[in-house]
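J.: The residues making up each chain are set out below.
2 protein chains.
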Amino acid sequence: MHMGFRAPPAGRAAGSGSAHFKEALPRLCEAVEEADFIAIDGEFTGISDGPSVSALTNGLDTPEERYCKLRKHSMNFLLFQFGLCTFKYDQNQSIYITKAFNFYVFPKPFNRTSPDIKFICQSSSIDFLASQGFDFNKVFRSGIPYLTQEEESQLREQYEERRGQINGNGPITYTPNSSMSVSHVPEDQRAFIKTVEDKVEDLLKNSEKSVDLEPCTGFQRKLIYQTLNSRQSKGLHVETLENDKKERFIQISKVDDEERRRREQQKQQREQEELNDAVGFSRVIRAVSKSGKLVVGHNMLLDVMHTIHQFCGPVPEELDDFKEVTMSVFPRLVDTKLMASIQPFKEIIHNTSLGELHKRLIEKPFKSPQTECPENFQSYDTSSEQLHEAGYDAYITGLCFISMANYLGTFLTPPKSHISARSKLLEPFYNKLFLMRVIDIPYLNMCGPDLQPKRDHVLYVTFPKEWKTCDLYQLFSAFGNIQVSWIDDTSAFVSLSQTDQVQIAINTSRYAESYRIQTYAEYIQSRQKSTNTNRRWASDGWADTSYSAAAMMTGSGFSHGHSRQHSKKRSISPSLEEQNCNADSSWTHYCSVKKIKTDGDGSQAQADVSGSDGAVDWLGQQTDEGGSYPGQDQEEEPIRGKRNRKHKKRKSDDAETTPPPLFDVPQVW
Amino acid sequence: MHMGFRAPPAGRAAGSGSAHFKEALPRLCEAVEEADFIAIDGEFTGISDGPSVSALTNGLDTPEERYCKLRKHSMNFLLFQFGLCTFKYDQNQSIYITKAFNFYVFPKPFNRTSPDIKFICQSSSIDFLASQGFDFNKVFRSGIPYLTQEEESQLREQYEERRGQINGNGPITYTPNSSMSVSHVPEDQRAFIKTVEDKVEDLLKNSEKSVDLEPCTGFQRKLIYQTLNSRQSKGLHVETLENDKKERFIQISKVDDEERRRREQQKQQREQEELNDAVGFSRVIRAVSKSGKLVVGHNMLLDVMHTIHQFCGPVPEELDDFKEVTMSVFPRLVDTKLMASIQPFKEIIHNTSLGELHKRLIEKPFKSPQTECPENFQSYDTSSEQLHEAGYDAYITGLCFISMANYLGTFLTPPKSHISARSKLLEPFYNKLFLMRVIDIPYLNMCGPDLQPKRDHVLYVTFPKEWKTCDLYQLFSAFGNIQVSWIDDTSAFVSLSQTDQVQIAINTSRYAESYRIQTYAEYIQSRQKSTNTNRRWASDGWADTSYSAAAMMTGSGFSHGHSRQHSKKRSISPSLEEQNCNADSSWTHYCSVKKIKTDGDGSQAQADVSGSDGAVDWLGQQTDEGGSYPGQDQEEEPIRGKRNRKHKKRKSDDAETTPPPLFDVPQVW
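As they're listed, the protein sequences go chains A and B. For the first sequence, this note's numbering assigns the number 2 to the initial residue and increments by one for each residue that follows. For the second sequence, this note's numbering assigns the number 2 to the initial residue and increments by one for each residue that follows.
Wrong hints could be hidden among the right ones.
Quick list of in silico lysine to aspartate or glutamate cross-link-like pairs, DMTMM-like style, CA-CA up to 20 angstroms [stated by the list, open to error]:
| no. | chain 1 | residue 1 | chain 2 | residue 2 |
| --- | --- | --- | --- | --- |
| 1 | B | Lys-89 | B | Glu-31 |
| 2 | A | Lys-73 | B | Asp-50 |
| 3 | A | Lys-247 | A | Glu-215 |
| 4 | B | Lys-210 | B | Glu-260 |
| 5 | A | Lys-247 | A | Asp-213 |
| 6 | A | Lys-246 | B | Glu-357 |
| 7 | B | Lys-360 | A | Glu-248 |
| 8 | A | Lys-70 | B | Asp-117 |
To be clear, the hints were calculated from the coordinates, so they are not data collected in a lab. Here the structure is a predicted model, which is why all the values come from computation and not from measurement.
Construct the entire structure; sequences and hints are all you get.
T.: What follows is the structure, encoded as structure tokens:
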């Protein structure tokens, strides 16, 4: 997701609307399978349900803090438009073939027992989308439904349970929390049930093939099923139908065994189709995940969080677990906002908002990529910029990625005008998601520990709630330029321009009554103390949280690693726990498929960088930050991840040894 | 609000859309002023954000419990369509003139400092409205904004503050929570401010009339205003304008005093208009409130709660306070669902859902009222039932009210075919709002204490969370028919058919380990204990909560009575407190206007019931429940309210003396 202002839409890409979805899905799967990379974008009903966005994004958040804030205050919004654009390079024509899809998604309740999702809307976000011509009718009337893995499992179980009941070969089970569950026939229903039993007796004796009972209540139907179940379901087929007046009634038919099996099979098929429809949009995400392809987004942290949260399962409490889950769903991510913010781009790109970035990347030294769109796909016209929808944003994001990737080729000897999405040159940008408005940590490192910038020039100041920024300027007026990052009404971080002033500030404040100054290190220490006391799991829990990047890459994947970890170290909410246990083989399957794909890509990538050994300036810079060297064996990555992880654990004991950050990201917001 | 299923809409009533609102408002005010009564209906984005609707509406809720649940779990939804239909009887033609309005409302943020409202959507509710053809684009793109009293006051203050600053005649104040507030010019801005000061010096010396500064940031503009303010605003007019590129810049003009005053006046006028636009839909509710007219709704408790919550101010914590607020906003309410559920209608009306009720009321012994709709108002066609929108529902609700009111006239000697909305015959139905799914309390009595049904045949049972309804049937199998009302996973009310079995049940349960049985009285007592401990105000707080019905009726109204009470007895959230303090004279004003209207209506009503002294069956029944006798002096009502209040206070000490309920409402859901 990105935030910007554009004109209202004038057209639609393929794939919108629930009715077209079934038709679009095979085309989408094909597009994903043949793609070199996939660009995505999401639109939400809001950003922050708690603090203002400025409080949500404190400039000195740690990555863990930021993740927790976003998880707590953003996940209750709905991702209701998902754009996806596939890009496939055509070697012969030297152009990219693009296929753009724009999906409206909405958690339409599937049946009476399916979850009735509640989501928050923020009026400013809704108003912004409205001003861009967003079609709310399309999303609410014909948005595509979706289910998480857990919800799908539950629904499947419901079907199986019901089937078992009707066949008379399962125990009588009760739907949880339904006051309708009965084994006992209430007094006032006994006469009614008796007449039903009589009718069935008659049917068994006479020559009719079936009997239609009178329309009755759901409770009565339940009683009838139960009664027939416990007696003589063998030669009978019992079915609920609807008459012209939309009233439901039960039809009981005499069937032989073969007919009964046939009907059951038909029903099972129908149910499987219903189930597929209910899983709906989640199948798109599963197809993308299964492909293992590079997924590109712009400022994509919230897009990734929402995508996983809605279509895979609730995002975990801890950042490290989120990273693990994300890498198992999307093994290769590139964030174009982050890419544009670091070397070698940051010197020549000054505004990294999507619209501005796209404008910049069609000018020198960049080159606008040539694209073509197959006939049956709606093409987007970038020159008119008439569209605002996720499909368009995904398309533009892909274009930006190609321009920047190709620019990297100009550093090679000889220069190359096309750089593949699988090129080793792109590895330094892999799996680093842009962190909005953090002063000294430009990105979340999805496949390893995060940067640990020195913050020894930062003070943590608490004060009366009447204080304003000007009071802080006043207080520190002797210290030259300062930077204030508000935390809440009564506290803020104050960054001094010179670290050696920190002790002076603290000394002068020692006897102050209205305010209090601590070093950043003291602040973090006291926070960690309070967090440790609040933790529900053993204090040695950290030792268990080994970052299983290796496991992830070798196919054990999301569901396994994740559930094992959780069940060991802490009590979690029942729903999450259940989800992890129930998670069927599909993700594991996706992961093993991914493994193969990744290997294939790896060799291709090596071919790509042949001749790029001459060290290029920006590559050197990247290396310092723990990025891959070109030519480094790809299989090393998991091991590196593990080593870094250990390093991180050490750091909390001895913060001083952490190397200073080498990044110097321009403040582009 | 009512819940039902109807076909998609085929037309629109007058008044929808923000653009048409300004034009519609005077017509609406006129319609309200001339109306005999006003019917309303609202559509929301959801019903319950917490428990399922069945848990939200336990059959044995006390009125206080129900109110608290609705307040907690329903107020976060948005009322986003408001229907209003005025009915005026034309004596000459013997028909009702109807004017229907259908408003889409949406809390579009007014400016950057205005509240960014978050609201919850429930997918089942959204899906239901979508299936009825609800136009979400209309609501989100051109919904009419609104403000509560408090929000309006805040906005007005903002304007005044800003005006004060610009005129240089107020203190420099800071917008709360804005990190932009400064008195100190930061180092890096000093050169910039110096150039501005130089330009102003030049302007004052040369013959130019004005100077345009370069476009600059909001922060810089703030600094400029501040600098000019503190020096020489007298002969200068400072204004922020926008250039072709939508960049903001400051224009400084030399003006004489008269010119400056003229400009200020113009600006003030513009601001007043902006303020009116921002108050938007709330003006409709104020007009209705000011009129003091009878307001009719169908199952209207949530409609009333939402209307007050969104357009007047947050609904109070306590039911009694809510009643007081409601009566000050809408002094006369009639709920057609309640009306249809009690005597003399309950025997002849078996389905009280709005659609079914309307169908019933056009058949004998009822008579469909004749209506006419003026030319410039869209008329609704009830025979095609093509519309589903709040305006249509309001219209239908009004028709139902008229049919039932006229039916009362058949009991008079001689019978009357038209009964005025002001007739004394309707008084027994005043201010009683239907309570959904409460077994033994049919309504919330808005102008006095609620019914206190005997519940000595009810048991409170707690048990392991694995238990289902069938386990409870099992447990009580010796006691004949029982009725189970689930409270949560581990508790339920069980109503026995015979009160004398209660002690037996309790005795037999004494040594049970897995479950526990208490009488309803014990349950209530233990609840009250725990509530008392949790209370933030003095335990003698109840003594303060004198129900000021009398005060309400004599014009002291909402803001006064309410804020006085609150500030005395408890700490409340700042926003609510502020609201009560800030509440300007408008509500009080409304109340005094209402007083006059009410008096006027009173005399008319007396004229109406002349000749109705022959006691009619249903009237007698009503009287037993504390309804008014026909011919009873209307001014007595407040006094009766007070007496009943005392009675209620006594009840908590001695529940046994409470008379048994006389109502016997059919279970129509």
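J.: Please go over all the hints and tell whether each is borne out by the structure.
T.: The hints, checked one at a time:
| no. | hint | result |
| --- | --- | --- |
| 1 | Lys-89/B / Glu-31/B | 11 angstroms, holds |
| 2 | Lys-73/A / Asp-50/B | 17 angstroms, holds |
| 3 | Lys-247/A / Glu-215/A | 13 angstroms, holds |
| 4 | Lys-210/B / Glu-260/B | 12 angstroms, holds |
| 5 | Lys-247/A / Asp-213/A | 15 angstroms, holds |
| 6 | Lys-246/A / Glu-357/B | 15 angstroms, holds |
| 7 | Lys-360/B / Glu-248/A | 19 angstroms, holds |
| 8 | Lys-70/A / Asp-117/B | 19 angstroms, holds |
Of the numbered hints given earlier, the model fails none.
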